[in-house]
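Undergrad: This is what each chain is made of:
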Amino acid sequence: MSFEEKSTWVSSAATVLVSALYYNFILARLRVTPAAEIAYQWPMILAIGSMIGMTIAGTILMSIGTAVSSEITGSGSVNEIDRTDERDKSINRRGELAGYYVSCVGMLGVLALAMLRYDQFWIANALYLTFVSGGLVSSGVKLAAYRWGL
Amino acid sequence: MAKKMRVSNCIRSLRFAAGEMTQAELADRVNVTRQTIIAIEQGRYSPSLEMAFRIARVFGVPLDEAFQYQDEE
Chain A
37 MSFEEKSTWV SSAATVLVSA LYYNFILARL RVTPAAEIAY QWPMILAIGS
87 MIGMTIAGTI LMSIGTAVSS EITGSGSVNE IDRTDERDKS INRRGELAGY
137 YVSCVGMLGV LALAMLRYDQ FWIANALYLT FVSGGLVSSG VKLAAYRWGL
Chain B
8 MAKKMRVSNC IRSLRFAAGE MTQAELADRV NVTRQTIIAI EQGRYSPSLE
58 MAFRIARVFG VPLDEAFQYQ DEE
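Residue numbers (this note's numbering), protein chains in the order written: chain A, 37 to 186; chain B, 8 to 80.
If we strip away everything but chain B, and leave its shape as in the complex, we get (with noise of 0.2 angstroms):
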């Protein structure tokens, strides 16, 4: 079973309201592979704090809009 992570994100919502933008389209801007950014919207993979503020910034958003930290229950 795939690890929960705490670190949660909308990249998913960000892409479409960026006109649809594909998640080869965000690798590439991002410089990481298309599997990295299905990863990271599936939950499986939290990014480093630099690729998290270049994915925000692709999309002109403040980092805690597109990353999510959640609280330890």
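Pulled out of the complex, with its shape left as it was, chain A reads as follows (with noise of 0.2 angstroms):
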């Protein structure tokens, strides 16, 4: 598996994680309270920086990990560890722009949430949906690219 291949795998893992328990608190929430009083802000911002650190942190875990390992079985070159080639680049550009049609249909649903005047606790998680589905439409067209090829 490519350096690549790994941090979409972390990055996927990273925003279910985070964005299945925001989402588990919030819907809690939403069970006993109306939406317009619901302190989404903080979780919501907790869950942006959360997603963010774990990517990061599981990035350099994944490539202290592999170093290791390859260090170990004597498989592969530490050159190639973090090396980056056409093929990803490729795949990549494919990725993003799935993920970028699927913010765009996103995007329209705000805006209709806007115009509608939805309260902005419907406008904040419509927009993070969009951002979190789009993140991982991107990453699955990755993924299912580098396992049956582009």
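Hints are computed from structural coordinates only; laboratory data are not their basis.
These numbers were taken from a predicted model, which means no experiment stands behind them.
Chain A is faced by these chain B residues, among others (derived, beta-carbon under 8 angstroms):
id, residue
1, Thr40
2, Arg51
3, Ser55
Label-pair ranges, simulated between beta-carbon atoms:
id, chain 1, residue 1, chain 2, residue 2, range
4, A, Phe61, B, Gln49, 41 to 49 angstroms
5, A, Leu186, B, Gly67, 25 to 33 angstroms
6, A, Val52, B, Gly26, 42 to 50 angstroms
Glycine included, every Cβ here is placed at the ideal spot set by N, Cα and C.
With the hints as a guide, dock the two chains, each given alone in a separate frame, to form the complex.
TA: Listed below in structure tokens is the structure:
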């Protein structure tokens, strides 16, 4: 598995884990509190921060783990660990494009919510959902391309 | 199911003919990842013209000896 593919797995795992925890928290509040009264701001900031932090920390740990295991097993050169080539770039481009289309559709939904004067809670959470789903679709397309080819 | 590419190659046999060169060694010489060499050999990735030339040059063969383009049926 190349460095880029492993990084994609790390960011996908961080996104799924953090957004599941965030939506679990928000949906539990939504059952007992009106949407406009839910203090979603800090949990959302924390979720976005954790997602970025976990992705960075996971990538660093993954790099160290790969370097150590390749040193122990003698498979692959240390120079190859973070090597990125044209295939990685093509796969990344395809994934980002798919994520962009999903984000565009999500943005239209957010725009509709704003035009219909929905509460900030719904607008912010629809934006967060757009952010998460765009990222996940992008990662899914990349992982599929790594597995089955471009 | 893996997509079938119309560009086929005989890199595997060229590697064996070149003193059983490993995929990692070829990847180092072409400056790509070993996974890319594996993907090309398995027909899951068609390299750019530049990469194809670099691979052919490693084995000292013309491009069309390393890569073949199959006609559409």
